[in-house]
Amino acid sequence: MIDLIINIILLTFLAITAIAIIRTTNLFATIMLFGIFSLLSATLFVVMDALDVAFTEAAVGAGISTILMLTTLALTKNHNEKRSHAHRPWLPLAVVTITGMALVYGTLDIPGFGDPAAPANTHVAQYYINNALPETGVPNIVTAVLASYRGFDTLGEVAVIFTAGVAVLLLLGGKPSSPNSNPRTNKKREEDET
Amino acid sequence: MDFIISHYNYWIVIFLMMVGLYTVISRGNLIKKIIGLNIFQVSVFFLYISMGTVKDGAAPIITEGVKLYSNPLPHVLILTAIVVGVATTALGLALVVRIKESYGTIEEDEIHEMDHSL
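Residue numbers (the working numbering), protein chains in the order written: chain W, 517 to 710; chain S, 22 to 139.
For reference, chain S alone in the conformation it holds in the complex (with noise of 0.2 Å):
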């Protein structure tokens, strides 16, 4: 039992990397991609952020009569992680709307048919 609630947090996490995996292939709306993406994003955060977690530690801000302290380094890691993740989504959501312009469709499959790729 407690392997499981101690493990819990990581295998949350692979579930959610899955799920974003799974609606990147198999999904052919590119927007549906673009949010499987992130959702692949947020499960990473959660593999770093989980593993940083101290029990009854405290957030990493120096207080006076606190000794424990959660570890800060996945905590700077990860908030370097979310804004360059933000960048990449806003690229992605620029080409989808530049492919719309071009193509008329963000269905991956009518994509494929006009192009007589695949």
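Isolated chain W (complex conformation) (with noise of 0.2 Å):
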């Protein structure tokens, strides 16, 4: 029960501290609220249960993202979001507002939060827990099929995390272009002159 109190509650901060990101104007200040809401869902993942997620997301959701979006913000010198009045909401509030409300209706015949006789629970998941330990010889699960039953995929997913990292490489390593060679910076520059 009190479980499903502490849920809740955490939900409700993690939905306000969401409408606070699009509202702040200031980057610095919506950066430092997305490592709020970063904390708050590790936070929330360890009250589901899921304890190898959570210090994943406190580790790079809250860690490395919040200090790859401050050395951008670095780097771009753009401290405050230019709010131009020629973007009308009402386009893309209409379209969030039907998806969402098409979403909803689609979770009506979703099994309730915590069911176990949902299928997603009754399946696949019991083999691994009965087996897991005697197969494997590691008592957590989730580690178990992350490295043993799945190993490859883990491989998979350093094959992409390396691409990631030089593509970043390439795009960021090379010579910085001084600002004077680019004709669209000179001309930007010119504008603002005259």
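Calculated from the structure, these hints are not laboratory results. Any given hint could turn out to be false.
[What the hints assert, rightly or not] What follows is a set of in silico ranges between Cβ atoms, one per label pair, in the way DEER data are often shown:
1) ILE46/S with GLY653/W: 43 to 51 Å
2) THR84/S with MET617/W: 41 to 49 Å
3) LYS76/S with PHE529/W: 32 to 40 Å
4) ILE25/S with ARG539/W: 21 to 29 Å
5) GLU134/S with ILE614/W: 26 to 34 Å
6) GLY667/W with GLU134/S: 47 to 55 Å
7) GLU134/S with VAL611/W: 42 to 50 Å
Keep in mind it's a predicted model, so treat the numbers as computed, not measured. Just so it is clear, CB atoms sit at the ideal spot from N, CA and C, and this is done for glycine as well.
Take the two lone chains and join them into the complex the hints point to.
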């Protein structure tokens, strides 16, 4: 019961933080709010018994993502979002509301939160819960599946990270082009001066 | 009342998803758009983890005397998704830095103006 109450309160906090993220125009504040958002979600993962996911989210989501965004902010030196009035909010708002209502309609048939008889929990998951320890000798089932049953998937994941790392290095690692040599920036500067 | 409590998770997930989508399509700042994408992503993680939770179940680490465990398979999927997510975020942010270098701005409408597109 107490689990459920903590769960509901944290989810409400999460929704409020998300609203705050869209409404803030200062990018530094937005990124800090995003860090809080990630940390709240890590806490929520603990409440939902997903310990491995929780510490990955705390380290990667709240830690590395926030640092990456702050680095980008430092490199782009752009600290405030410009809200142009040309953007009318009504069209995106309508799209989002309609999509959201369709999705809510879809949830009506989903088994309730924490239902042990839900189809997701009764079929293949039982096999891993019963056999992971005897077959692999690892008491943590998540680790057993990740590193043993699905070891090749994890290898593929390493390939994805490597590719992303190489791409980031290719994008940023070259010689920094001097701003004067760039026609687009020059044009912008001339416009600013006039 | 029971129905509301047992579906509250899914509704918040949908709310977060829509907040993320709204940020991506309505905000012109590129860093803000990437934050929107991240919010969307986290909402999907919650959808999966919520489905795998079992009431009164323990965390899926085999312990003597525990009979009921939460479903470990969504956890495995989401672990992979979080790590891939940070890779895509890093790539997106690197592109933002390059765009800033060559256009001098990270606001979408200014970029369109310079390119005479849109």
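Do the hints match the structure? See the list:
Between ILE46/S and GLY653/W the beta carbon distance is about 49 Å. The supplied range of 43 to 51 Å therefore holds. Hint check: THR84/S to MET617/W, Cβ distance near 43 Å, so the stated range 41 to 49 Å holds. The hinted window of 32 to 40 Å between LYS76/S and PHE529/W is violated, with their beta carbons roughly 22 Å apart. One distance hint, 21 to 29 Å for the beta-carbon pair ILE25/S and ARG539/W, holds here, with the actual separation near 27 Å.
At roughly 30 Å, the beta carbons of GLU134/S and ILE614/W sit within the given window of 26 to 34 Å. Judged by the Cβ atoms, the range 47 to 55 Å given for GLY667/W and GLU134/S holds: they are separated by roughly 50 Å. Checked against the hint of 42 to 50 Å, the C-beta distance between GLU134/S and VAL611/W comes to roughly 24 Å, which is inconsistent with it.
When each numbered hint is compared with the structure, violations occur for hints 3, 7.
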